[in-house]
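Asker: Residue numbers (this note's numbering), protein chains in the order written: chain A, 29 to 171; chain B, 25 to 115; chain C, 543 to 667.
Bear in mind the hints are in silico, worked out from the structure with no lab data behind them. Here the structure is a predicted model, which is why all the values come from computation and not from measurement. Where hints are given, some of them may not hold.
What the hints assert, rightly or not - The calculated BS3-like cross-link candidates involving lysine-lysine, where the alpha carbons are at most 27 Å apart (straight line), are:
(1) C:Lys574 to A:Lys94
(2) C:Lys580 to B:Lys26
(3) A:Lys89 to A:Lys166
(4) A:Lys166 to A:Lys94
(5) C:Lys580 to A:Lys89
(6) C:Lys580 to B:Lys63
(7) C:Lys580 to B:Lys28
(8) C:Lys579 to B:Lys63
(9) C:Lys579 to B:Lys28
(10) C:Lys579 to B:Lys26
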Amino acid sequence: MRENVVIRTVSRLAVPFIQVFALYVIVHGALGAGGGFQGGVAFASSFILMIVAFGLASVRKRLSNKWIVVYSVLGITIYAGIGLLCLFMGGNYLEYGVIEAILGIPHLHGYLLDAVEIGIGITVMAVMTSILCDMADKGGESS
Amino acid sequence: MKVKALLAVLFIGIILFWTVEDMPAFGDPQAPATQYTGKLYVESVLPDIGIDNIVTAILASYRGFDTLGEVVVIFTAGISVTLLLRRGGRL
Amino acid sequence: MIEAFYELFLSRYNYWMAIILMLIGLYALIAKQNLVKKLIGLNIFQTAIFLFYISFAEVQGGTAPIYLPEGVDALYVNPLPHVLILTAIVVGVSVTAVGLSLIVRIYEEYGVIDEDDLMQVVRGR
């Protein structure tokens, strides 16, 4: 697939648009249709297009193993961390209304929801890319 | 083997078809699923939380703990595939 | 007579379609010998269950569960089954991923994927 000019050119043009659209889907989880899971999978599909069109080494160069593991732990830490923050401020676990009542900023409930969705999106993106990178590896090890 | 599997599947199918006439019709507005819990969620999202998307509000706020468990499930699946398919040494 | 036909078949056609898909998936899971085909049968079975559950959420004349602007009165569909199935879809993807990686390891270790040949190779060792 590396020798075909049409596939290489179209993939190179399409990947930035797919990534911007995936970010749009993640951030608009509260206003319209969208959310963390859907946007995360759409972002991972841009990396899968790069693996199919350019080979495995092009994605390994940009997302090494260490960074994939760091991203997947970062997303779930954001989610659990916001829950613990609500616990320290005197409410139950994951009760966003307590922070809004203490700090007094309007619409904080909606903003915390958006932060949680971004965390979910990061974890789902990292895990989907990691699964496909591991399955596409052909026995020879690349670190 | 295949004949026995086919007979077992047909037996299960007959039992399932027998219960269809007790189910509510497709799109019934008086079905019990939409009368109690569904109406409660639709009416109470705008005063409590204030965002427009009802499904995201239920997913991340009313049932936020289930979503945390689900993110842990997908993280565990990613780690399992890495541990199974990594041949040759360091993680 | 026409009343009975309408009641049982035409107004509940979603349950019939879901049950037929479920039976196809169950047959593929039990009766096929190849391991990859068994996994595909499991996926078909899961999809039939999702369709069956989401068809409970439909209300006749309803629109998507996102609030319309102020003053417009509308009937919304039931949002709760959509939320539960979103979780279930992700669990299904995880199970498929781990199952496929197990099949890759079995093939590297024993050299066969067919169920009968696999039992012979394992007993022969």
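Asker: With reference to the structure, classify each hint as holding or not holding.
Answerer: Against the structure, the hints:
no.	hint	result
1	C:Lys574 to A:Lys94	40 Å, violated
2	C:Lys580 to B:Lys26	14 Å, holds
3	A:Lys89 to A:Lys166	17 Å, holds
4	A:Lys166 to A:Lys94	20 Å, holds
5	C:Lys580 to A:Lys89	36 Å, violated
6	C:Lys580 to B:Lys63	40 Å, violated
7	C:Lys580 to B:Lys28	17 Å, holds
8	C:Lys579 to B:Lys63	42 Å, violated
9	C:Lys579 to B:Lys28	19 Å, holds
10	C:Lys579 to B:Lys26	15 Å, holds
Violated hints for the displayed structure, listed by number in ascending order: 1, 5, 6, 8.
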